[in-house]
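Peer 1: Here's the letter readout for the chains.
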Amino acid sequence: MLSSGLTLIFSMMGVLNFAHASFYMLGAYAAYQVGYFTGFWPALFLAPILVGAIGAVVERYGLRTVHKFGHVAELLFTFGLAYVIEEIVHLIWGRAPVDYRVPASLDFTIFTIFTTQYPAYRAFMMAISVSMLIGLYLMLTKTRIGLIVQASLTHPDMVEALGHNVPRVFMFVFAGGAALAGLAGVLGGNLFITEPGMAFAVGTIIFVVVVFGGMGSLPGAFVASLLIGTIQTFSVALDYSFVNLMHLVGLEITSESMFYGLSTITLSQLAPVLPYMLLVLMLIFRPSGLMGNRET
Amino acid sequence: MMNFAKNNFIWIILVAVFLVLPHVFSQSFALSLMTQMAIAMIFALSYNMLLGQVGLLSFGHAVYYGLGAFFTAHLINWIASGVIWMPISLVPIFGGLCGMFFGFIIGVITTRRPGTPFAMISLGIAEMVAASALMFTAFFGGEAGIDTNRTAGGPLMGVSLSSQIQVYYLVVSWCIFSIIGMYAITRTPLGRMANAVRDNPERAKFLGYNPTRVRWMSMTLAGFFAGLAGSLYIINYEIVTFETLGILESGRVVLMAFIGGIGHFWGPIIGAILVTFLQSALSNYTEAWLLYFGLLFLVIIMFSPGGIAGLIAKHEPVMRANLLGRLVPSYAVVAATGAAMLLGFVSIIEMIYHVESAISGREPMNLFGVIIDPSSSVNSWLVVLFLFVVGTTFFIKSTRIVGKAWEDLGPDLQSKGLL
Chain A
1 MLSSGLTLIF SMMGVLNFAH ASFYMLGAYA AYQVGYFTGF WPALFLAPIL VGAIGAVVER
61 YGLRTVHKFG HVAELLFTFG LAYVIEEIVH LIWGRAPVDY RVPASLDFTI FTIFTTQYPA
121 YRAFMMAISV SMLIGLYLML TKTRIGLIVQ ASLTHPDMVE ALGHNVPRVF MFVFAGGAAL
181 AGLAGVLGGN LFITEPGMAF AVGTIIFVVV VFGGMGSLPG AFVASLLIGT IQTFSVALDY
241 SFVNLMHLVG LEITSESMFY GLSTITLSQL APVLPYMLLV LMLIFRPSGL MGNRET
Chain B
297 MMNFAKNNFI WIILVAVFLV LPHVFSQSFA LSLMTQMAIA MIFALSYNML LGQVGLLSFG
357 HAVYYGLGAF FTAHLINWIA SGVIWMPISL VPIFGGLCGM FFGFIIGVIT TRRPGTPFAM
417 ISLGIAEMVA ASALMFTAFF GGEAGIDTNR TAGGPLMGVS LSSQIQVYYL VVSWCIFSII
477 GMYAITRTPL GRMANAVRDN PERAKFLGYN PTRVRWMSMT LAGFFAGLAG SLYIINYEIV
537 TFETLGILES GRVVLMAFIG GIGHFWGPII GAILVTFLQS ALSNYTEAWL LYFGLLFLVI
597 IMFSPGGIAG LIAKHEPVMR ANLLGRLVPS YAVVAATGAA MLLGFVSIIE MIYHVESAIS
657 GREPMNLFGV IIDPSSSVNS WLVVLFLFVV GTTFFIKSTR IVGKAWEDLG PDLQSKGLL
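Chains as they are written, first to last, in the numbering used here: chain A, 1 to 296; chain B, 297 to 715.
No lab work stands behind these hints: they were computed from the structure. Just so we're clear, the structure is a prediction, and the values are computed from it rather than from any experiment. Just so you know, even glycine gets a beta-carbon here, dropped at the ideal spot from N, CA and C. Check before you lean on any hint, since a few could be wrong.
Stated by the list, open to error - Derived BS3-like pairs: lysine-lysine, alpha-carbon spacing no greater than 27 Å straight-line:
#: 1; chain 1: A; residue 1: LYS68; chain 2: B; residue 2: LYS693
#: 2; chain 1: A; residue 1: LYS142; chain 2: B; residue 2: LYS693
#: 3; chain 1: A; residue 1: LYS68; chain 2: B; residue 2: LYS700
#: 4; chain 1: B; residue 1: LYS700; chain 2: B; residue 2: LYS610
#: 5; chain 1: B; residue 1: LYS501; chain 2: B; residue 2: LYS610
Said to hold, decoys possible - Simulated restraints on C-beta separations:
#: 6; chain 1: B; residue 1: GLN460; chain 2: A; residue 2: MET126; range: 37 to 45 Å
#: 7; chain 1: B; residue 1: PHE682; chain 2: A; residue 2: ILE92; range: 17 to 25 Å
#: 8; chain 1: B; residue 1: LEU315; chain 2: A; residue 2: LEU281; range: 48 to 56 Å
#: 9; chain 1: B; residue 1: LEU678; chain 2: A; residue 2: ARG60; range: 45 to 53 Å
#: 10; chain 1: B; residue 1: ASN506; chain 2: A; residue 2: LEU281; range: 22 to 30 Å
#: 11; chain 1: A; residue 1: GLY163; chain 2: B; residue 2: ASP704; range: 35 to 43 Å
#: 12; chain 1: B; residue 1: LEU592; chain 2: A; residue 2: ILE92; range: 17 to 25 Å
#: 13; chain 1: B; residue 1: ILE476; chain 2: A; residue 2: ILE92; range: 35 to 43 Å
#: 14; chain 1: B; residue 1: LEU607; chain 2: A; residue 2: ILE92; range: 27 to 35 Å
#: 15; chain 1: A; residue 1: THR141; chain 2: B; residue 2: ASN491; range: 50 to 58 Å
#: 16; chain 1: B; residue 1: PRO613; chain 2: A; residue 2: GLY163; range: 36 to 44 Å
Hey, can you work out the whole structure from these sequences and the hints?
Peer 2: Given below as structure tokens:
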């Protein structure tokens, strides 16, 4: 669920950002730090703004210099940036997880489905991300700002000729992307755990979602993130393996037969690999992704 | 004979340097460091076959390296248990073939599209392999990894690999073989086509070459050398864990190739030497080495996309024109101000780290031979901050002096026809 917010920006920025997950982490840490002084609610607004500002600075003084060397250099730049941000987080907050918690006002059960309690905080999280997504989608497709942003990505020269400051547009897009990642961090950091390794944990899965949904496609990224989230959650819960499947069909696989070790791997063991397997399958059968149309 | 020596001057030097080095630095630390460097060289060069020659930015190159290492580990264990027989010294070939095999298989999927999609797909595959490494414990040994005994094969012509020096010479001979081999590949029609595909795939297509196939073949070959490097890794360390094919290892090779410079064949060699050295030497002194490392990487990408090799190559025409002397004063100024800036910066970082760490935070620390106590004395912070700010200000000014010196050189270089 969370990654959907992250991925949308990915596709809009045109620049693939390895450090995006790092901004997510920065968001969580910033919320912890701001929340330490002001409480959760102001932090919810302040932390994304802070992260967005950091993003703007990075774009202005880092990425713009690299931009002229092409896409590969930009990608590598964000790759190096991810290292540096992680180390700076080590430097400021240390290596251990920080104590960033769900606010007490949201720490109750909202409803119960079959003995499973659904915490109110998750519902709150969902509400914020969905409204954010809808807002973003509307802004990008229906308003003048969205028009300029989209045009700057596809036809930068033309937009510049029409009198818009394209580098500044890029800077704001990047800052906005970083701020949204920061917001995701604010929301996710207390639900999961706020530690220096958290960027690394979500970083690669976002890439899968982007490729899976189709690069440059907003709805594709949304559907893909939902899909991958559900698949991962459910496969963890299902304890079936190939042996069980064969058993259903009437075949018994015993420990003597070939590939026994391979066929006893249950679906839940497979869960971490599943997204990547899906990715590879997708690339074989439909290289442009679920809803993508851009062939780059 | 004279001609041979003249034409292969650089290779002869290379071999000589490799042979002489262990006699110059004979401590065991230096020896194992040099062995690691040689392995890293092969690995970085094989990576550059993709990034530098074909323009494929891969974030999963450690997959071939790691798989080669695991395969070799099993091979050595089979040799030890007498299932098969072969000298351990030749095992790297099979590690290489293993890497080649996986490069071939994975290449089918990944080489379809260049550029950013390739980078992301390679990352996805790397993650997949790394995640499955923990699942298939029979082959990958789970968390503990696989360990071997490199002396198991018994001595072959007096080489038993029981001492580090023998391992060094084994690794180095494979390294020389690989460097020459990879250099030779850049000279073949395939190597030339790879460059063409990197620069303009459409045009290469018009000439009747299939860019995808050229990428695929390069990927296969790069897989071979990466697997070979992996084999040498296992012979050197005698243990391999799933981390060897993980994303961090892949990241390391990106850093090596890029810091060294991907535009030149010998760039990754410089990068491998530097990165391995920094990693081993710097991590002994400071906790923050990864930070310095990442910053070095960023600085290189931002200001010298050709890497260190690119910087050196830039000076070649100046050297030929015998004008290098005119750059020296400006460089001296930059070096001085840069040193001040670095000293200030490093001091700040080190002091923060020192205060942060729970164990030693309250005690005085030794900073470049000066004993200070950052947790109590404000003056020490002011001094390093001052050093950093002043250093940075003058550094930025002095870079302009260098730019000026280069500009002044321009007409002279032009008149000699070297620009």
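Peer 1: Decide, hint by hint, whether the structure agrees.
Peer 2: Tested hints:
no. : hint                              : in the structure
1   : LYS68(A) x LYS693(B)              : holds (24 Å)
2   : LYS142(A) x LYS693(B)             : violated (48 Å)
3   : LYS68(A) x LYS700(B)              : holds (23 Å)
4   : LYS700(B) x LYS610(B)             : holds (16 Å)
5   : LYS501(B) x LYS610(B)             : violated (32 Å)
6   : GLN460(B) x MET126(A): 37 to 45 Å : violated (58 Å)
7   : PHE682(B) x ILE92(A): 17 to 25 Å  : holds (22 Å)
8   : LEU315(B) x LEU281(A): 48 to 56 Å : holds (50 Å)
9   : LEU678(B) x ARG60(A): 45 to 53 Å  : violated (29 Å)
10  : ASN506(B) x LEU281(A): 22 to 30 Å : holds (24 Å)
11  : GLY163(A) x ASP704(B): 35 to 43 Å : holds (40 Å)
12  : LEU592(B) x ILE92(A): 17 to 25 Å  : holds (21 Å)
13  : ILE476(B) x ILE92(A): 35 to 43 Å  : violated (48 Å)
14  : LEU607(B) x ILE92(A): 27 to 35 Å  : holds (33 Å)
15  : THR141(A) x ASN491(B): 50 to 58 Å : violated (42 Å)
16  : PRO613(B) x GLY163(A): 36 to 44 Å : holds (43 Å)
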